[in-house]
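A.B. asks: Sequence:
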Amino acid sequence: MESIYIAGEDDVTKACLRKIISHYAPDSKIITELPARGGQLKSLIENFNKLSLAYPVILLMDLDAANCAPLLKAECFKGIKQSNSFIFNIACDEAEAWLMSDRSTFAKYFKVPLDSIPAVGNIGSKMKPYKELAFKYKSSLFLTRDLILKSTDSNYIKMMHPKVGASKGPEYNMAIIPFIDSHWDIEEARLNSDSLNKTILRIEKYIQNQRSIVKKSK
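Read in order, the letters of the sequence shown correspond to residues 1 to 218 in UniProt numbering.
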């Protein structure tokens with residue numbers, strides 16, 4: 001059994017990592033969730049990289065307003081040589097976009113019209129496009145200020161729609177984490193999100209490599 005640490009900038013990103021690991025690396029055991037908030041992640045990259053020399057670390061952060069994932073990664077590492085056991089991932093544009101990439105299940109669960117969830121589009125440059133849902137602005141804001149207001153379940157609106165001065169509703173995590181844990185179809189979502197698919201492939205590749213090392217050592 002592989003023992004690992006995970007890190008994310010909020011409860012949603014960490015819940016996504018837990019679900020991905022349980023689905024694609026079920027023999028792995030999460031030691032603990034490393035404490036960090038979104039604004040702290042960049043300053044902790046070197047610490048996480050050093051920790052991964054003893055135990056693997058899987059990190060997920062949001063792309064947010066950054067131009068592209070490679071540039072954000074370069075900004076985070078700033079010349080630090082990435083350990084092979086530090087699995088660094090970026091959700092485009094946020095983990096919420098990954099959740100809505102399972103379009104039909106998300107619409108059914110939160111009782112919103114399917115056609116209100118953005119369709120899949122090619123994002124990025126013409127030379128190197130990648131497939132993601134085509135949000136007009138930040139996916140978490142779209143979810144809490146637009147999409148959820150179209151729900152036929154008033155409880156979800158109360159839980160997720162932000163009050164004045166807030167970025168999210170008062171019970172946002174209580175509403176969305178059960179969806180991640182029990183309903184999110186990752187296989188469906190990865191078809192609509194290249195950044196999710198790449199994260200899954202990185203984790204699977206690392207686990208496969210570790211298994212090969214164990215077999216050779218026997």
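Since the hints were derived computationally from the structure, they do not count as laboratory data.
In this text, a Cβ means the ideal position worked out from N, Cα and C, and glycines have one as well.
Among these hints, one or two may not hold up.
[Said to hold, decoys possible] Taking lysine-lysine pairs in the DSS-like style, the calculated list, with each CA pair at most 25 Å apart, reads:
(1) Lys81 - Lys163
(2) Lys73 - Lys163
(3) Lys42 - Lys81
(4) Lys198 - Lys73
(5) Lys138 - Lys158
(6) Lys138 - Lys150
(7) Lys108 - Lys19
(8) Lys128 - Lys73
(9) Lys111 - Lys81
(10) Lys50 - Lys205
(11) Lys19 - Lys205
(12) Lys19 - Lys138
(13) Lys50 - Lys150
(14) Lys158 - Lys108
(15) Lys128 - Lys138
(16) Lys78 - Lys136
(17) Lys150 - Lys111
(18) Lys19 - Lys78
(19) Lys19 - Lys163
(20) Lys81 - Lys50
(21) Lys131 - Lys205
(22) Lys78 - Lys198
(23) Lys73 - Lys158
(24) Lys138 - Lys163
(25) Lys108 - Lys136
(26) Lys50 - Lys29
(27) Lys131 - Lys108
[To be verified] Computed spacing ranges between beta-carbons, pair by pair:
(28) Glu188 - Asn122: 14 to 24 Å
(29) Pro178 - Gly79: 19 to 29 Å
(30) Lys150 - Lys78: 36 to 46 Å
(31) Pro170 - Glu33: 32 to 42 Å
(32) Pro162 - Glu188: 37 to 47 Å
(33) Pro170 - Lys111: 14 to 24 Å
(34) Ala119 - Cys68: 13 to 23 Å
(35) Ser3 - Asn47: 36 to 46 Å
(36) Gln210 - Asp115: 35 to 45 Å
(37) Asp181 - Lys111: 17 to 27 Å
(38) Ser116 - Asp185: 16 to 26 Å
A.B. asks: Hint by hint, say whether it matches the structure.
C.D. replies: Evaluated hints:
1. For a cut-off of 25 Å, the pair hint linking Lys81 to Lys163 is broken: about 43 Å separates their Cα positions.
2. Between Lys73 and Lys163, the direct Cα distance comes to roughly 33 Å. Violation of the 25 Å bound is thereby established for this hinted pair.
3. Between Lys42 and Lys81 the CA atoms are separated by roughly 15 Å; this keeps the pair inside 25 Å, and the hint holds.
4. For a cut-off of 25 Å, the pair hint linking Lys198 to Lys73 stands: about 14 Å separates their Cα positions.
5. In summary, the hint linking Lys138 to Lys158 is supported, as the alpha carbons are separated by about 21 Å, within the 25 Å threshold.
6. Under the criterion of a C-alpha separation no larger than 25 Å, the hint pairing Lys138 with Lys150 is consistent with the structure, at around 18 Å.
7. Straight-line distance between C-alpha atoms of Lys108 and Lys19 comes to about 20 Å, which keeps the hinted pair within the 25 Å bound.
8. Taking the CA atoms of Lys128 and Lys73, the gap is near 17 Å; set against the 25 Å cutoff, the hint holds.
9. Distance check on the hinted pair: Lys111 and Lys81 sit about 46 Å apart at the alpha-carbon level, beyond 25 Å; violated.
10. Distance hint between Lys50 and Lys205 is fulfilled; the C-alpha atoms sit about 21 Å from each other, no more than 25 Å.
11. Restraint check for Lys19 and Lys205: the C-alpha separation of about 17 Å stays at or below 25 Å, so the hint holds.
12. Proximity of Lys19 to Lys138 is assessed by CA-CA distance (about 23 Å); at most 25 Å being required, the pair is judged to hold.
13. For the proposed pair Lys50 and Lys150, the alpha carbon gap of about 46 Å is over 25 Å, so the pair is violated.
14. Our distance criterion of 25 Å between C-alpha atoms is met by Lys158 and Lys108, whose separation comes to about 18 Å.
15. Pair hint Lys128 plus Lys138 holds up; C-alpha atoms about 21 Å apart against a cutoff of 25 Å.
16. Distance restraint check for Lys78 and Lys136: the Cα-Cα separation of roughly 30 Å exceeds the 25 Å cut-off, and the hinted pair is therefore not satisfied.
17. Taking the CA atoms of Lys150 and Lys111, the gap is near 8 Å; set against the 25 Å cutoff, the hint holds.
18. At most 25 Å may separate the alpha-carbon atoms for a hinted pair to count; Lys19 and Lys78 exceed this at roughly 30 Å.
19. Restraint check for Lys19 and Lys163: not satisfied, since their Cα atoms lie roughly 29 Å apart, outside the 25 Å limit.
20. The hinted pair formed by Lys81 and Lys50 meets the criterion: a straight-line CA distance of about 10 Å does not exceed 25 Å.
21. At roughly 21 Å between alpha-carbon atoms, Lys131 and Lys205 fall within 25 Å of each other, so this suggested pair holds.
22. For the hint linking Lys78 to Lys198, the alpha-carbon distance of about 22 Å falls within 25 Å, and the restraint holds.
23. Only pairs whose Cα atoms come within 25 Å are accepted, and Lys73 paired with Lys158 is rejected, the gap being roughly 36 Å.
24. A distance of roughly 18 Å separates the Cα atoms of Lys138 and Lys163; the hinted pair therefore holds under the 25 Å criterion.
25. With a C-alpha separation of about 22 Å, the suggested pairing of Lys108 with Lys136 holds against the 25 Å cut-off.
26. A hinted pair counts as satisfied when its Cα atoms are at most 25 Å apart, and Lys50 with Lys29 qualifies at roughly 20 Å.
27. Between Lys131 and Lys108 the alpha-carbon distance is near 23 Å, which keeps this suggested pair within the 25 Å criterion.
28. Checked against the hint of 14 to 24 Å, the C-beta distance between Glu188 and Asn122 comes to roughly 19 Å, which is consistent with it.
29. Checking the proposed 19 to 29 Å range against Pro178 and Gly79 shows it is violated: the Cβ atoms sit about 41 Å from each other.
30. Under the hint 36 to 46 Å, the C-beta atoms of Lys150 and Lys78, about 42 Å apart, fit the expected range.
31. Between Pro170 and Glu33 the beta carbon distance is about 23 Å. The supplied range of 32 to 42 Å is therefore violated.
32. Taking 37 to 47 Å as the suggested C-beta distance range, the pair Pro162 and Glu188 does not conform, at roughly 28 Å.
33. About 19 Å separates the C-beta atoms of Pro170 and Lys111, a value consistent with the hinted range of 14 to 24 Å.
34. The hinted range of 13 to 23 Å is satisfied by Ala119 and Cys68, whose Cβ atoms lie roughly 21 Å apart.
35. Our hint of 36 to 46 Å for Ser3 and Asn47 is violated, since their Cβ atoms are close to 18 Å apart.
36. Between Gln210 and Asp115 the CB atoms are about 43 Å apart, so this pair conforms to the stated range of 35 to 45 Å.
37. Look at Asp181 against Lys111: about 18 Å separates their beta carbons, and that is inside 17 to 27 Å.
38. At about 19 Å, the beta-carbon gap between Ser116 and Asp185 stays in the expected band of 16 to 26 Å.
Violated hints, listed in ascending order, are 1, 2, 9, 13, 16, 18, 19, 23, 29, 31, 32, 35; each of the other numbered hints is respected by the structure.
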